[in-house]
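Position chain X relative to chain P; hints supplied.
Chains as they are written, first to last, in our numbering: chain P, 1442 to 1511; chain X, 723 to 1408.
Please note that a few of the clues may not be correct.
[Claimed, not checked] Not everything, but these chain P residues come out facing chain X in the computed CB check (under 10 Å):
1) Y1447
2) D1493
3) N1508
4) R1509
Keep in mind the hints are simulated off the structure, nothing from the lab.
Backbone N, C-alpha and C define an ideal beta-carbon position, used for all residues, glycine too.
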Amino acid sequence: MRRVIYSAKFRSRQIWWALRQIFGDAAYENYLRSIRRNEILGAKITAPLSRDEFYLDSLQRRYSKINRCC
Amino acid sequence: MKIFRVLVWAAVALAGAAGLSAIAFERGEPLNATWFVIAAACTYLVAYRFYSAFISAKVLALDATRATPAERLDDGRDYVPTNKWVLLGHHFAAIAGPGPLVGPTLAAQFGYLPGTLWLIIGAVLGGCVQDFVILFCSMRRDGKSLGQMAREEVSRRGGFIAQIAVLAIMIILLAVVGLVVVNALKASPWGMFTLAMTIPIAMLMGLYLRYWRPGRVLEASAIGVSLVLLDVVAGQWVAGAPSWARIFSLSAPALAVGLIIYGFAASALPVWLLLAPRDYLSAFIKAGAVFALAGGILLVRPIVQMPALSRFADGTGPVFAGKIFPFCFITIACGAVSGFHALVSSGTTPKMIMRETHARLVGYGAMLMESFVGVMAMVAACALQPGVYFAMNSPPAIVGGTVESAAQTISGWGYSLAPQTMTDLAHMVGEQTLLNRTGGAPSLAVGMAQIFSHTIGGPHLMALWYHFAIMFEALFILTVLDAGTRVGRFMVQDMLGHISKPLGRTGSYGGILFSSALITGAWGYFLYQGVLDPLGGINSLWPLFGIANQLLAAVALVVATTILLKMGKRKYLWVTLGPAVALVTVTMTASYEKIFSADPRLGFLSAANQMAARIASGVVPSEKVAEIGRQVFNQRLDAAVTAALALMVLVLVVEALFEWVRIWNIAMPPVLHEAPYVKTQWAEGD
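Bound conformation, chain P alone:
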């Protein structure tokens, strides 16, 4: 029984992770992770955007080029 509960928890966590990735909820965390990774690799350090700034910036980028088909 414990195994079943553990497996169900694991699967739901996976589904939640995938949903957050697909629908863009995790975009800000991914961005911060990318900044940290680049810092470790010795790239030029720039101050990260705040969550608000990042959200607006990502919308501007996404909707200024073709991102949807017919």
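For chain X alone, coordinates are given in the frame of chain P:
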């Protein structure tokens, strides 16, 4: 183990062949939709397992050790390494618009067979190949666009042509999808209220995401989807209250003007307020509706009522004029081959691929999924009684404006239809009439509602399901409309920037308003012309859109062939050259027929000449002369647009031919504009 695998794949291939035979060889027995699912799914599995693997290994030689742009240029904003399944979801959401739903529904006038075969075979050999190869080419060039690749690999003129073609297709696309919405919502207070309410709901989501919980898309979408579902139910109460129903019953011209104003506002307003939240809302509803339709078809297993080949294979169809060749192949673009996909495949997706080998799943796999959506739409449309299908999709100029005249005309074609059937059906779905609702969306909605109501709720919920389906299609289309208008605005501003610097500034209000007015005016003009067209507008605008879209696909495949040639893959050129030749042949034939056919229902020029002759002979009443005169101008304009598009693509093809001959004849290796090889720093394995 190997023998087991061989046996499994042999069984899948045999099942696919059995499915295709069942739908291809009609025996006059009722055909169950399960055969469509088996034929499509098994063909896709075999194509993905073998053909895409062949393209990956031999043609493109995908290299898992080569760092992708997402790894080398990772900035967390544009270049973001993304899990392959997540990217598959992103890419599928980006390529699957209303096209794979509307196109197959319209092509059902030929019967179920031509469209279904084109959806399956066209996708496997053409559409998936185009998406996959262009994705690969862009990925090897740090995510360059199709226009940039055409300029670098074919010629400077090629790049310019691709840019102009993109703007032209955008304008026609926005007009035609706008027309589909207008025809679905005219004189429908329930549908109109439901769609109108999505605007404040999207704005509420926008405020939530901007000020209260920035970037929490799932929370905002959950709120938005709940409100939209409530909104569909509330629409019934609005339609039932005469004073409210009057407010939301709009004529087609009034709806068209409303859409044009909406497009302008969505383009000029801040993106976070309306466009982005509507896109999130649409993505959720889209995913839900597509899965529900797939589940519904599998559970209900409807009987396909449309014949394999209808009498309209001869080109006299009431939905749109023209024979199966070439018109079936341009009517179904998205779902089989769509040039627009090449823009998405050379846009965001190549910048997010984690490993080169993932391009196969994302590029080829996502297109297979879209093709499956197209097959489901075909099933939903063909599950309708043929008489009902033709009554809904034929304009009043052909079947008349009353159920009696429509029933008489359609029964005369051999598809029995009682007037009461249309009246009862309209009553059942909560509409005043379902007659002359051209554009495909309402007939698809009735098909979906029948399938859904067989699963949940029975006939009592038919009206609710119909309006849910209409809301889903309209929401979907409005997302394309506002996102497309905004992108079009950027393209116009980019061009205007060469003439006047202030007009080109994307942050200046003057520039934003002027360019928004230009792009909205352009598609709005074609939309309004479609609304006033006595043949329903779809007859002229959808083929124009199909031609533009497939010409863009031909451009993409020509660019891909040039790149393969430069990569030294002479032996495998047929992979892209075959579909390119097929598409150039189809689109050039369709363009020629649409311009020069002597049949006034088919040829733009003969229609214009016929109307001009009627004016000249004095048979047109004086109050109608100006209106008919405008139609003459519109037909000639459509002919000019078709000719310009075809000519541009011919120029590109000729330029590419010269480039191919040059590469073929010289001993020196041609210049390939790929980013240099860098070994991946990531661990091996997927």
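Verification of the supplied hints:
no.: 1; hint: Y1447; verdict: 22 Å, violated
no.: 2; hint: D1493; verdict: 5 Å, holds
no.: 3; hint: N1508; verdict: 6 Å, holds
no.: 4; hint: R1509; verdict: 5 Å, holds
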